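Enquirer: Given only the sequences and the hints, what does the whole structure look like? Please build it.
As given, the protein sequences belong to chains A and B, one line each in that order. Heads up: the first sequence begins at 53 in this note's numbering, then just goes up one per residue. Heads up: the second sequence begins at 219 in this note's numbering, then just goes up one per residue.
These are calculated hints, taken from the structure and not from any lab test. Mixed in with the good hints, there may be bad ones.
BS3-like, lysine-lysine: derived pairs with alpha carbons at most 30 Å apart [said to hold, decoys possible]:
hint	chain 1	residue 1	chain 2	residue 2
1	A	Lys164	A	Lys203
2	A	Lys203	A	Lys139
3	A	Lys118	B	Lys283
4	A	Lys118	A	Lys164
5	A	Lys139	A	Lys161
6	B	Lys241	B	Lys283
7	A	Lys139	B	Lys283
8	A	Lys164	A	Lys139
9	B	Lys241	A	Lys118
Given the structure is predicted, the values throughout are model-derived calculations rather than measurements.
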Amino acid sequence: MSSCAIPSFTIRMEGASVAEFSWPPRSPLEHALVAGAYGVREVAPGIFLTEVRNFELIQVMARRGKGAELASATTARFGMAAPDVPKAVSASDVMLIWSGPDQFLVLSKGGKYTINTLSQAFSQSASLSDQSHARAWISVSGAKARTMLAKLSSIDLHPTAFPIGAAAATSIDHTSVNLWRGDDGPDGQAVFNLLLFATFAGSLWQTMLDAGAEYGVDIRHSEEFA
Amino acid sequence: MRIVCPFCGERELGEFSYLGDAKPVRPAAGAPEDDVFDYVYLRDNIAGAMSEHWYHAGGCRAWLKITRNTLTHEISSVEPAAGAGAAEVGA
Numbered sequence: 053m054s055s056c057a058i059p060s061f062t063i064r065m066e067g068a069s070v071a072e073f074s075w076p077p078r079s080p081l082e083h084a085l086v087a088g089a090y091g092v093r094e095v096a097p098g099i100f101l102t103e104v105r106n107f108e109l110i111q112v113m114a115r116r117g118k119g120a121e122l123a124s125a126t127t128a129r130f131g132m133a134a135p136d137v138p139k140a141v142s143a144s145d146v147m148l149i150w151s152g153p154d155q156f157l158v159l160s161k162g163g164k165y166t167i168n169t170l171s172q173a174f175s176q177s178a179s180l181s182d183q184s185h186a187r188a189w190i191s192v193s194g195a196k197a198r199t200m201l202a203k204l205s206s207i208d209l210h211p212t213a214f215p216i217g218a219a220a221a222t223s224i225d226h227t228s229v230n231l232w233r234g235d236d237g238p239d240g241q242a243v244f245n246l247l248l249f250a251t252f253a254g255s256l257w258q259t260m261l262d263a264g265a266e267y268g269v270d271i272r273h274s275e276e277f278a
Numbered sequence: 219m220r221i222v223c224p225f226c227g228e229r230e231l232g233e234f235s236y237l238g239d240a241k242p243v244r245p246a247a248g249a250p251e252d253d254v255f256d257y258v259y260l261r262d263n264i265a266g267a268m269s270e271h272w273y274h275a276g277g278c279r280a281w282l283k284i285t286r287n288t289l290t291h292e293i294s295s296v297e298p299a300a301g302a303g304a305a306e307v308g309a
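Expert: What follows is the structure in structure tokens.
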């Protein structure tokens with residue numbers, strides 16, 4: 053979600069008129085995303101593109117020489133270790149996604165793991181940065197998901213090379229993204245998740261639609277924590 | 219050309235950016251001017267195995283120290299540069 057300035061009312065300050073702004077959060081894909089079918093329609097959609105809205109995302113980076121302290125603080129706080137190789141691990145309400153050496157992302161919904169509730173646990177070992185409104189979260193699934201992503205990414209997403217829980221910090225269209233494979237969907241198909249920079253999300257969204265049009269795309273947005 | 223990032227695995231060249239020679243070492247404060255000039259401006263033009271710094275900009279954002287043959291592009295070693303991740307600088 054990005055925030056957008058909407059003038060709400062004006063106040064008088066030292067004789068001058070000063071605009072006040074409210075900052076309601078809204079998705080960076082609010083305009084680009086049109087729910088429904090896209091591309092070929094004679095066939096069942098080969099791709100399901102779903103934007104997950106309203107999440108908390110905290111970047112956690114170990115301070116110099118504090119890798120071991122961060123590891124023990126993470127286990128104490130989440131009851132599971134953060135991945136030290138490119139993987140994503142999850143509990144029922146939170147996901148820890150590897151993003152580089154001695155750093156990971158905390159992805160959650162519902163306000164339980166925010167920068168305020170996490171800062172105490174990591175005050176001695178890591179630097180935290182709130183990315184909640186700086187990324188768009190897209191989930192890609194369907195029978196043609198891997199074929200579509202192969203047009204955009206050089207990562208081998210075959211199940212033998214990229215099993216459930218695999219993650220990668222990589223680039224799509226010269227833009228850095230975090231990519232991971234979640235649990236398979238109810239239809240048994242692989243589900244790939246992408247975190248995109250908010251300001252690039254519209255462009256990458258269009259790129260994914262172009263890549264997926266020939267397979268038929270089903271577009272929706274969701275509030276569900278995948 | 220592909221580079222096997224020690225953190226991410228094998229990735230295409232486009233994810234990396236090139237800094238250059240990994241050999242120059244910053245002279246101590248008070249070093250002679252010639253040493254500083256050498257450090258800042260003078261670079262060897264190596265035909266063969268060269269130690270280089272690369273940055274995995276489109277991936278894990280770690281600095282890497284790579285030995286690459288400038289004639290064949292063969293890469294014989296890739297290791298994290300000092301200070302990658304939470305490692306101590308110089309460790």
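Enquirer: A separate judgement is required for each hint: does it hold in the structure or not?
Expert: These are the hints, each one checked on the structure:
1. A/Lys164 x A/Lys203: Answer violated: A/Lys164 to A/Lys203 is near 37 Å, above 30 Å.
2. A/Lys203 x A/Lys139: holds (23 Å)
3. A/Lys118 x B/Lys283: Status holds; Cα separation ~22 Å.
4. A/Lys118 x A/Lys164: With a Cα-Cα distance of about 25 Å, the restraint between A/Lys118 and A/Lys164 holds, given a limit of 30 Å.
5. A/Lys139 x A/Lys161: holds (20 Å)
6. B/Lys241 x B/Lys283: Holds - the C-alpha atoms of B/Lys283 and B/Lys241 are around 10 Å apart, at most 30 Å.
7. A/Lys139 x B/Lys283: holds (24 Å)
8. A/Lys164 x A/Lys139: holds (22 Å)
9. B/Lys241 x A/Lys118: OK: B/Lys241 and A/Lys118 at ~28 Å, within 30 Å.
Violated hint: 1 only; the structure is consistent with all others.
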